[in-house]
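Enquirer: Residue numbers (my numbering), protein chains in the order written: chain A, 1 to 166; chain C, 1 to 166; chain W, 1 to 166.
Quick caveat, the hints were computed from the structure, so don't treat them as lab data. Watch out, some of these pointers could steer you wrong.
Pairs involving identical chains hold if they fit within one copy or between any two copies, as the list cannot separate such chains.
Said to hold, decoys possible - Listed below are the simulated DSS-like cross-link pairs for lysine-lysine, each with C-alpha atoms no more than 25 Å apart in a straight line:
| hint | residue 1 | residue 2 |
| --- | --- | --- |
| 1 | K154 | K28 |
| 2 | K148 | K32 |
| 3 | K106 | K148 |
| 4 | K91 | K106 |
| 5 | K32 | K154 |
| 6 | K91 | K154 |
| 7 | K105 | K154 |
| 8 | K105 | K84 |
| 9 | K28 | K105 |
| 10 | K105 | K148 |
| 11 | K91 | K105 |
| 12 | K154 | K106 |
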Amino acid sequence: MIRLVVFLWFVLVSFELLCQDKIRSSVKRYVKVPAGYLMVLRQNDRVLEQLENFARVENIPAASFTGMGFVDITFGFFDFQTRKYAPRDFKSVELVSMHGTIAWKKDSTSIHAHGVVSDNTFQAFGGHILNATVGTGSVEILITVHDKQFERTKDDAIGADVLSLD
Amino acid sequence: MIRLVVFLWFVLVSFELLCQDKIRSSVKRYVKVPAGYLMVLRQNDRVLEQLENFARVENIPAASFTGMGFVDITFGFFDFQTRKYAPRDFKSVELVSMHGTIAWKKDSTSIHAHGVVSDNTFQAFGGHILNATVGTGSVEILITVHDKQFERTKDDAIGADVLSLD
Amino acid sequence: MIRLVVFLWFVLVSFELLCQDKIRSSVKRYVKVPAGYLMVLRQNDRVLEQLENFARVENIPAASFTGMGFVDITFGFFDFQTRKYAPRDFKSVELVSMHGTIAWKKDSTSIHAHGVVSDNTFQAFGGHILNATVGTGSVEILITVHDKQFERTKDDAIGADVLSLD
Chain A
1 MIRLVVFLWF
11 VLVSFELLCQ
21 DKIRSSVKRY
31 VKVPAGYLMV
41 LRQNDRVLEQ
51 LENFARVENI
61 PAASFTGMGF
71 VDITFGFFDF
81 QTRKYAPRDF
91 KSVELVSMHG
101 TIAWKKDSTS
111 IHAHGVVSDN
121 TFQAFGGHIL
131 NATVGTGSVE
141 ILITVHDKQF
151 ERTKDDAIGA
161 DVLSLD
Chain C
1 MIRLVVFLWF
11 VLVSFELLCQ
21 DKIRSSVKRY
31 VKVPAGYLMV
41 LRQNDRVLEQ
51 LENFARVENI
61 PAASFTGMGF
71 VDITFGFFDF
81 QTRKYAPRDF
91 KSVELVSMHG
101 TIAWKKDSTS
111 IHAHGVVSDN
121 TFQAFGGHIL
131 NATVGTGSVE
141 ILITVHDKQF
151 ERTKDDAIGA
161 DVLSLD
Chain W
1 MIRLVVFLWF
11 VLVSFELLCQ
21 DKIRSSVKRY
31 VKVPAGYLMV
41 LRQNDRVLEQ
51 LENFARVENI
61 PAASFTGMGF
71 VDITFGFFDF
81 QTRKYAPRDF
91 KSVELVSMHG
101 TIAWKKDSTS
111 IHAHGVVSDN
121 TFQAFGGHIL
131 NATVGTGSVE
141 ILITVHDKQF
151 ERTKDDAIGA
161 DVLSLD
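Required output: the full structure, derived from the provided sequences and hints.
Expert: Written out as structure tokens, the structure reads:
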């Protein structure tokens, strides 16, 4: 009898957690506006993955975006010697500026984004965004959609990908 | 006789000052452009109040904006313990980046804006804008207008307002 | 005979270098998109000059722009005493944010742009852009075109040019 009660209680709690999670993730992340889309990301959303997912689902040929919010973020500075990004994490910071573009690299969406962040000292840090997750707040992004598909291709002169307009 | 002259002189000067003030404040602060509005604020204009006033007068359902200029500004960092913003003032600084949104909270316009500033050392500081006044220069803002009304509502998970797309 | 070979070799090499240069400079720098234009600048391109050239060639009445990339840049802070810009150079830095406007001053295009940069320490610096050249990377700019011509005129109250909306 006790086992049955515990089991039913467990089922109920699991169900409620699932529902909460479903409600949370079912909240709309973007809506169509004349310029393109307005995106609002919520706590624990991963910014680059949400933008990639959006581009795939909405079949976006290319876009430019600007935004701001509150995040945990990893910047990387490209080292041309090692050809790798030296990363640095910033936790629980205001995202005071974000600029980026959505394009394609072969069959995958390719996000290129730069950000500026600040903490309770207000000192600003910035860089190429390797990773960003929404903190105790939100991230608001205006996505201006283009009508042509643009690819990132390697510019041999610099050995790095550049957005091609051809 | 002398009293009359002094009185008339006083009336004239007051009238001229009133006119100058009227000319200054009658200079257009924004014009309609295809994307929405281009706003140019002048010395001593209060940035957030001008955006609120614009939204009310033009009956804007919602908007995203970007801008830059020269300001006296107060940033605040939200302390989740005290639930207050710890403020810091920056005087006579370049506003090198501003990103924000205009939405509604019940019957009032609600501005959310982040900025980055720098002084004669070029070191950058940024944060959530609590207050900003145009300094010896201007502030130029591109306002991209949306066609739906968006509300800021409390996200209980984080205890802060979030722009709702529903 | 040897003289002839050397001469022909010289002609060939010169021709090839010319061709490479032509291919490089013939790569499209901007394309029309619904919001206006998407511009992608390449290594060694001068940012302000490319924007001025674009405005002249495409007969742009006025525009607002946002962008990001990788640059060598010179910021200036206006000294109201000397009425000159105190400059400072930053080499091989991420351009993490750029905001600006294209307008006219008499018969010339007039660019006003502010930027934020960061290096491998991720510390951010910002200011009024006096000069910027694309480094080992690119600069991506979204140009939102307006349908009215705007002039920069002197605001006598502050002794500096302000974008006029009249």
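Enquirer: Now, for every hint given, state plainly whether the structure supports it.
Expert: Here is how each hint holds up against the structure:
{"no.": "1", "hint": "K154 / K28", "in the structure": "between (36 Å within a copy, 15 Å between copies)"}
{"no.": "2", "hint": "K148 / K32", "in the structure": "both (18 Å within a copy, 9 Å between copies)"}
{"no.": "3", "hint": "K106 / K148", "in the structure": "within (15 Å within a copy, 35 Å between copies)"}
{"no.": "4", "hint": "K91 / K106", "in the structure": "neither (33 Å within a copy, 32 Å between copies)"}
{"no.": "5", "hint": "K32 / K154", "in the structure": "between (32 Å within a copy, 23 Å between copies)"}
{"no.": "6", "hint": "K91 / K154", "in the structure": "between (33 Å within a copy, 23 Å between copies)"}
{"no.": "7", "hint": "K105 / K154", "in the structure": "within (10 Å within a copy, 39 Å between copies)"}
{"no.": "8", "hint": "K105 / K84", "in the structure": "within (19 Å within a copy, 45 Å between copies)"}
{"no.": "9", "hint": "K28 / K105", "in the structure": "between (27 Å within a copy, 19 Å between copies)"}
{"no.": "10", "hint": "K105 / K148", "in the structure": "within (14 Å within a copy, 33 Å between copies)"}
{"no.": "11", "hint": "K91 / K105", "in the structure": "neither (30 Å within a copy, 29 Å between copies)"}
{"no.": "12", "hint": "K154 / K106", "in the structure": "within (12 Å within a copy, 41 Å between copies)"}
Hints 4, 11, counting from the list given before, are not met by this structure.
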